Amino acid sequence: MGGEKIVAGLIAAAGVDWVLGCSKERLLTVGSKNFTEQVILGEIVAQHMSLRLSERVDRKLNLGGTLLAHQALVKGDLALYPEYTGTALTAILKLPLSSDPAAVLARVRKEYQKRFNVLWLDPLGFNNTFAMVIRGEDARKYGIETLSDAAGHANGWTLGVGYEFQQRRDGLAGLLKTYKLPLKRSPRTMDLGLLYRALEQKQVDMVAASATDGLLSVLDVKVLKDDKRYFPPYQASLAVRADALAKHPPLKRALEQLSGLFSDEIMRTLNYQVDGQHRPVNEVAMTFLRAAELLA
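Numbering that gives the first Met the number 0 puts the first residue of the sequence shown at 0, with every later residue one more than the last.
It should be emphasised that the hints constitute simulated quantities derived from the structure, not laboratory data.
Among these hints, one or two may not hold up.
Said to hold, decoys possible - Cβ pair distances, simulated, as ranges:
| id | residue 1 | residue 2 | range |
| --- | --- | --- | --- |
| 1 | Gly64 | Glu199 | 23 to 29 Å |
| 2 | Gly75 | Arg139 | 47 to 53 Å |
| 3 | Gly64 | Leu182 | 23 to 29 Å |
| 4 | Gly142 | Asp242 | 51 to 57 Å |
None of these values were measured; they are calculated from a predicted model.
Cβ atoms here follow ideal geometry from the backbone N, Cα and C, with glycine treated the same way.
Between the sequences and the hints, there should be enough to build the whole structure, so can you do that?
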């Protein structure tokens with residue numbers, strides 16, 4: 000189905016209630032990390048599985064950061080959760096950065112199966128790379144389009160970053176080394192949900208956000224081009240335990256129906272419906288599945 004049709008369906012759909020079939024046996028658990036996009040994806044997957052499988056689907060959404068979600072998967076507390084190729088490459092596997100999407104996916108697939116007996120399905124269809132964002136007024140005033148332009152800004156920057164970005168190998172330290180961004184003071188670390196507010200209130204003047212953040216479509220901000228290609232690709236995929244696929248043969252086919260259904264625009268729309276319009280996650284997930292014609 001075309002992405003434009005899904006976006007139109009998401010925008011036009013009215014609110015609905017979602018009720019799980021309580022008669023199903025609880026055997027499969029879907030997880031997610033602790034930010035809006037992950038919770039939305041986890042809910043979409045859980046609802047889709049409930050429709051397609053005979054087993055009851057449990058949820059452990061909003062678990063925490065990357066390492067917590069990964070550990071839950073490896074321990075068997077989860078059957079699957081959505082993850083990003085660049086995150087898996089650097090934060091979990093501790094492998095060198097690469098800008099080749101196909102090569103990163105292939106390496107992640109190989110290493111996850113060998114080390115963890117976890118399979119990566121085909122990508123969902125969007126790339127949630129890190130996005131360095133400044134106020135639109137500053138971009139226009141100083142003619143800043145790229146991170147290299149920002150590196151030449153004599154006034155320097157006050158950065159706002161999430162806790163994970165500050166610590167990751169593909170995060171703050173490498174960014175500063177690659178671009179040599181001049182800083183006014185040490186970066187401010189905060190919850191991801193506070194980044195845009197801090198930028199708008201001029202507590203910081205550059206934030207490490209995500210390319211699929213819903214607020215990017217409605218705020219007067221500028222996403223700076225990563226002209227040196229520092230950030231690796233972050234294709235979203237489902238990481239699934241091999242034993243879960245073996246025990247539940249219909250599971251793989253059901254999950255593969257979601258591969259390629261998303262786009263950056265679709266994911267931004269979903270995120271904005273939750274973060275900007277404050278719609279319930281379960282309602283947004285069902286609206287997506289209806290627009291994608293997966294509710295039948």
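Here is what the structure says about each hint:
1. In this structure the hint that Gly64 and Glu199 lie 23 to 29 Å apart at CB holds, the actual value being about 25 Å.
2. Taking the beta carbon of each, Gly75 and Arg139 are about 52 Å apart, inside 47 to 53 Å as hinted.
3. In this structure the hint that Gly64 and Leu182 lie 23 to 29 Å apart at CB holds, the actual value being about 25 Å.
4. In this structure the supplied range 51 to 57 Å holds for Gly142 paired with Asp242, their Cβ-Cβ distance being about 55 Å.
Checked against the numbered hints above, the structure violates none of them.
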